[in-house]
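The lines below spell out each chain.
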Amino acid sequence: MLMRPMNPWEAIHQVREEMARLFDEMAPYLPMAERWGLRRAGAFPALNLWEDEQNIYAEAELPGLRMEDLEVYVVGNELTIKGERKDEFREKAGYHRRERGVGAFSRVLQLPAELDADRVEAVLKNGVLTITLPKAEKAKPRKVQVKALTK
Amino acid sequence: MANETVLNKRPEEATLVQTERTRSRPQFFPNVDIVENAEELLVLADMPGIKAEDVDINFENGTLTLHGKVADRQPENTNYLLREYEVGDFHRSFQVSEAIDAEKIYAEYHDGVLTLHLPKTEAVKPRKIAVKTK
Chain A
1 MLMRPMNPWE AIHQVREEMA RLFDEMAPYL PMAERWGLRR AGAFPALNLW
51 EDEQNIYAEA ELPGLRMEDL EVYVVGNELT IKGERKDEFR EKAGYHRRER
101 GVGAFSRVLQ LPAELDADRV EAVLKNGVLT ITLPKAEKAK PRKVQVKALT
151 K
Chain B
1 MANETVLNKR PEEATLVQTE RTRSRPQFFP NVDIVENAEE LLVLADMPGI
51 KAEDVDINFE NGTLTLHGKV ADRQPENTNY LLREYEVGDF HRSFQVSEAI
101 DAEKIYAEYH DGVLTLHLPK TEAVKPRKIA VKTK
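Respectively, the protein sequence lines represent chains A and B.
The letter at position 124 of the first sequence is residue 124 when you use my numbering, and the numbering goes up by one with no holes.
The letter at position 21 of the second sequence is residue 21 when you use my numbering, and the numbering goes up by one with no holes.
Heads up, some of the hints might be wrong.
Here's a subset of chain B near chain A, in silico, CB distances under 7 Å, partners left out [what the hints assert, rightly or not]:
#, residue
1, Gly49
2, Thr78
3, Tyr80
4, Leu81
5, Arg83
It should be emphasised that the hints constitute simulated quantities derived from the structure, not laboratory data.
Please read these numbers as outputs of a predicted model, since none were measured by experiment.
Backbone N, C-alpha and C fix where the C-beta goes; we use that ideal spot for every residue, glycine too.
Work out the full structure, taking the sequences as your base and the hints as a guide.
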């Protein structure tokens, strides 16, 4: 029998695929799977969050969405992002590849500070959603005057 | 949502990259849809956060290469409360086997999605043949 020359990348790739498949199958039985990062699908959309003294900022990449496809709510310290990406080419068959997911999503996030819900601003530009969430007055850091006691 | 996996960003596969880059910044595979109709091949690529002038599209010897330069949106020392994705350039290339009229390729960029139109050459477009009766 003729042997095929071995391609090391192919072998590694096969092992990786096999491991990924195994983890996907096991994930529902592993309560810790998510924390270990073994599950390939996380919450959508993925978020980056940072803050300064005045605001908390949330950013998500949402290509193909317009502002009217999105809803952003703030209640207390809870941020909700809801939306839907429409299927543009449903009627036109002839897909060679189809990797861009479509459908509705919703994500709720607890933020580490009380927010001033009336002044929340959301901007969607080139598929990047940036939400500016002003902190409530009482949540802002305050400089405390230290008084020296003199007798 | 059924398609969560594919909506999230994919880091480029080390095994598929033939040349190495000089910068050690993450680079991503944009997710694409490729649709074919009678006139053209349509490539839609999710490339959020780029500017239209920072997209580089190259079609040479049947290889289509997309590259989108992404500027950092936050300073490097940002202290993230939560960091679920990274920002980096988008890069991907395809072998296009269909006969494409390279002169007529054009692209649009809207809402973070790059749409590339690759018109087919006249020779391969379907033609309706009239049947003559005697």
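Okay, the hints, checked on the actual structure:
1. The closest approach between the C-beta of Gly49 (chain B) and any C-beta of chain A is roughly 4 Å, which is under the 7 Å cut-off, so the hint is satisfied.
2. The closest approach between the C-beta of Thr78 (chain B) and any C-beta of chain A is roughly 5 Å, which is under the 7 Å cut-off, so the hint is satisfied.
3. A least Cβ separation of about 5 Å between Tyr80 (chain B) and chain A falls short of the 7 Å threshold, and the interface hint therefore holds.
4. The interface hint given for Leu81 (chain B) holds, since its Cβ lies 4 Å from the closest Cβ of chain A, which is under the 7 Å cut-off.
5. Residue-level restraint check for Arg83 (chain B) holds (minimum Cβ-Cβ distance to chain A is 5 Å; threshold 7 Å).
In the structure shown, no violation is registered for any of the earlier numbered hints.
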